[in-house]
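Engineer: Got chain Y sorted already, so can you dock chains B and L onto it with the hints?
Chains as they are written, first to last, in our numbering: chain Y, 1 to 326; chain B, 1 to 324; chain L, 1 to 508.
Accuracy of the hints is not assured; some may be wrong.
[To be verified] When the alpha-carbon atoms are kept at most 20 Å apart in a straight line, the in silico EDC-like pairs for lysine to aspartate or glutamate are as follows:
id	chain 1	residue 1	chain 2	residue 2
1	L	K50	L	E170
2	L	K50	B	D168
3	L	K282	L	E317
4	L	K308	L	E298
5	L	K50	B	D207
6	L	K308	L	D269
Quick caveat, the hints were computed from the structure, so don't treat them as lab data. Just so it is clear, the structure is predicted and the values come from calculations on it, not from any experiment.
Next come the chains, spelled out residue by residue.
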Amino acid sequence: METSTSTNMIWVLLQRFGFLLVFAAFFGLFAVWNPVFLQGGNLLNVIEGSAVLMIIALGMTLIVATGGIDLSVGIALDFGAAFAVVALKSYGMDWFGAACAGLIGGSIVGLFNAILVIGLRVSPFLATLSTFFIGSSVQRIFTNGGGPISHRRMPEEFRNLALGDIYGVPTEAVIATVLVVLYFLVLERSIWGRRIHAMGMQRSAAIVAGIRVNRILILCFIVASMTCAAGGLIAAANIRMFTPLSGFSYLLDAIAAVFVGAALHPRGRPNVLGTVAGVLFLGMVANGLNLMGLNFNTKDALQGIILVSALALAVAQQRARNPLVS
Amino acid sequence: MPINPVRHRRISEIIGYLPLIIFAGVLLYIGLSAPNFLTFRNLELIVMQSLPVVLVCAGLGVVVMAGGDDVVSGGIDLSIPATAVLSAGIIAVMLTQGWPLIVCGIVAFFACIIVGLLNAALVTRIGMTPLLTTLAMFVAVVGVNNVITSSRRINVDHPLIVALRAQDVLGIPLGIVVVVVVLAVIYFVTHQTRWGLHLQAAGGSRDAAEISGLPVRRLFGQSFVLAAFTGFICGFFVLARGSGSSPGVQDNLMLEMVLATFLGAAFSARRVVTMWGAVLGAVLVAAISIGFKSMGVNVFWTGLIKGSLIVVVVAFAALARRGR
Amino acid sequence: MSYQRAFSLQGVTKEFPGVRALDKASLDVEVGEVHGLVGENGAGKSTVVKVLAGVYQPDAGLVTIGGETLSPITPDTVHAAGVRFVHQELHLVPHFTVAESVFLGQERSGRLGLNTKAMREETEAFLHDMLGVDMPSSRLIRDLTTAERKLVQIARALIDEAAKVVVFDEPTAPLASDEIETVMSAIRRLTEQDIAILYVSHYLSEITDICDRVTVFRQGKTVGVFDTITDQSGRDLVYAMVGRDIADMFPVKGDRVAGPGLEVVGLSDGRAFANISLHVEKGEILGIAGLIGSGREELIDTIYGLRKAQTGTFQLEGEPLAIKSAAQAVDAGIVLVPRDRRHDGLVLPMTMAENVTLATLDQNTSLGLENRRVARERTEAQITALDIRPPDPDVVTRLLSGGNQQKVVLARWMVTSARVFIFDDPTVGVDVGAKSEIYQLIDDLSAGGACVIVSSSDPVELQGICDRIVIMMRGDIIGELQTEDLSVDELVSAITGARDIKNLTDAD
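The shape of chain Y in the complex, shown without the other chains (with noise of 0.2 Å):
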């Protein structure tokens, strides 16, 4: 029985602390592996490289929370940028112009999900699927096919939006961590966002007790579009130029982040603070395997192998803590 239970004890520590151990034990691995990993400029890489997965993921949260999905992020990101840079380049708008006509571009993506969900009663999925569909080949006529809209002369303040720093922090950095904050606040702590995880855990009782959900479920695709075109501004401020359908490479990202984060979550909630680590646990794993000199194929199947388990270990963790939930 000795040792029966000593297993038994490894085994619930490991359920309990498993997605720590995990990320300690990645953590350890790099920067064992090459100790640049550890040096105070490379860890801030890897928070300036997560910003613009960090603000897509807070705006996938926020949907996951409402209990739908969405994957039209891309598109928003993509229109933010495009909106931006025309605005910028064809209209001569200075920089605030500029991030007021890439955040306004942002959110007709979101008021489309919304008319799609709400309106003609198309489940999330199926809804934003379409979005991503229309808005890719928006892009392609737009562009004439998906060449990219540089603009080399771009607005230094527009630029600083990527590239500049506040007191020596990278403004990216800043800009994210604002958005998590505000949406820490907004999800968590406001009264807005216990309407909202209640509309997402159990719509009927919700509409019930008297919450306006339709209402409630607009606003959310339309603030999540429009952060997701904040995310936009910063990379397309990063490269000078807007490149089509780009967006979509942080879908999967995305999605992955708040399911880890929501596995976090004693009770299984999609939360802010669980998608920071989602994203942070990411861009580590990208970072690390980038500074073992690994190539891209091999880091990019390492990379997705990693995924899975996180996302096996996370959920297996909190069913082993919570039995009952769901």
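Structural biologist: Chains B and L in isolation, oriented as in the chain Y frame:
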């Protein structure tokens, strides 16, 4: 207030077929605008073009059958296209290294089945939602395939693979014959066997299946393995259609698979995902793509057209349900 | 024919945390008889059925089937002993054919896959010979009427011809009144096959109609066995079911404030009911009675804005009112305690405090951020006021008992300034103790000047708590009864349409 249930039902049945009617209308319009569209040769081309999507759709149809048609929590397997591409990649790489096709096929078969088993284990043992599991699996499998193929295009000119595209049997292309046989086998297994009925019961009404003492979770897991098998077969057709393995095929295949399967559901008056609906959906989507191309519509528009199609068809389906 | 014992339960006890669901209960059923089992909600009927099914293991007592004591009692041994169940819920796969449904899990195999032909023929023969109906076995379940689905369920239980005991659990609950006879005549035919039938039902009119003998349960105990059943037995059965303390369950009415309350005029939804008008005064408790399919549930949903109304107007305290959504209803001070509290009443994964404050978030906020301290204090006040257990605001509501879950739903509305409370089957799945507490709370609300509507499938409850009852049938209000001097039997016969309401009121 008198409500005439018979008339009411008849109207809703007509509304029920509206998506299909819309679709037929679009095809007819294309046929009239592009005179070559409705020729036998062109229709054959359309069917040939849709074969890989048809196969993965059949696989997805089985998973939906076993897990219910709720997109997020029910049965869905987005990883089938990745499995197909993995199958194609393994076969292509091994063929260039000089292995006989049969050996390549066996290795690819086991690789695909392993993917299916992993999906099954993650969903039924660990309790992850199928959508999330198979999406993550998609990423992982594509990653592994890129390592195997080094993200290169690999030409394949093995006579059997070429025959799938170019050979005719009694005037019908071999590829079509093979796919029809595969579909017939899957149909037999899922509709004419005890196992198939249990699988359908598990997805159709979980409560009914459990009351009848069926192992619901195991059946659901097995459906992922069968889906992975369709991915394996699809690998050959991916090779045949593209004359080899090339990176990036999976993205389009996945989108088309989802599009076709859920369009298929909207086509049926009852709005349920069925294998035949999915197959019909796949062929019709190919028809629309090729049709607009032959009308001279710029390819940039295809995404817009497909997206709008989902919206129109699914929204009509929702409206019809509300009207019932 | 000499009776022989088909099965018996002797001294069966089953305890759950806090509740003794069965307390030395016994039950004897003989071959060739239809044996009724009656009792109130929570009397232990469903526990007996689950013990017999092998789902629950009894803490004490013997289960004997066909003269042999069963041990262990598992679903498999029970099945092997020839016990079959026809469950209350119509668990059937909608897109399966009749034959596929009947043989699900017990298919006939042929040389090549399934022997569909044999299954089809056997199904049709069985339905014809045993149940006396002709039904093409290739029809799909979703195209069948509810009664036909019930027959399919019965065929499913009996097709292997190994059944010795068949348990019918509320077989007519989902049926419309004109469908009931189809199922009843099928059951009557079965008794000719030397099968013992245990018939569990709420509906006393059916029990007196079909049963040869009846066992009555109350609070987990066997309180009576009736060996002869006539049409006049109903009164005695009710007395045995409820016991002497029926009056104690319900609060004594005190003085009331009066005044105009909610008035509904000409409400139709275009399907389930048409042109319904009703009114509730302040301080009055209005009951709505009606069988399933009478439109009662749909009416409640429409008044609360969950379903679209085609025509109809509302007035509250003389002021006209528009209700197009539940949110509007809540804003106007109309609140609903829904029948399906696990689905519609509570957000189960949320805590008690989160659920209690869900409708009053605006009041516990500073700058949009939730003031958790205020929310907690309010919840704790409600926990004390309603005696919710466990008294922990942070407990997840999924883990609470039915009665306490219902109190949490009620607590949420108590903290609002609601003027109209609608209760839809408020005590389903609630044990007897909590039931009486909930009745007291409902009465307190009404005494405080609120308008109360209680829609219920339980005639005893309606008679006990309401001042006035309207009765619905097929989407229409067919009459209205004052509960003073009204007996439960009279109410039941009015609800089931067995007696014309005019005669009833004339007789009084």
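Engineer: Does E317/L lie within 20 Å of K282/L when you go C-alpha to C-alpha?
Structural biologist: holds (9 Å)
Engineer: Between the alpha carbons of K50/L and D207/B, is the straight-line distance 20 Å or under?
Structural biologist: With Cα atoms ~16 Å apart, K50/L and D207/B stay inside 20 Å; holds.
Engineer: Is the hinted pair K308/L and D269/L satisfied, with a Cα-Cα distance of at most 20 Å?
Structural biologist: holds (6 Å)
Engineer: Take a quick look at whether K50/L and E170/L sit within 20 Å of each other, Cα to Cα.
Structural biologist: holds (14 Å)
Engineer: So if I understand the rule, the pair passes when the alpha-carbon distance is 20 Å or less; does K308/L with E298/L pass?
Structural biologist: Status holds; Cα separation ~10 Å.
Engineer: Sort out whether D168/B lies within 20 Å of K50/L, counting only the CA atoms.
Structural biologist: violated (62 Å)
Hint 2 from the earlier list is the only one contradicted by this structure; the remaining hints agree with it.
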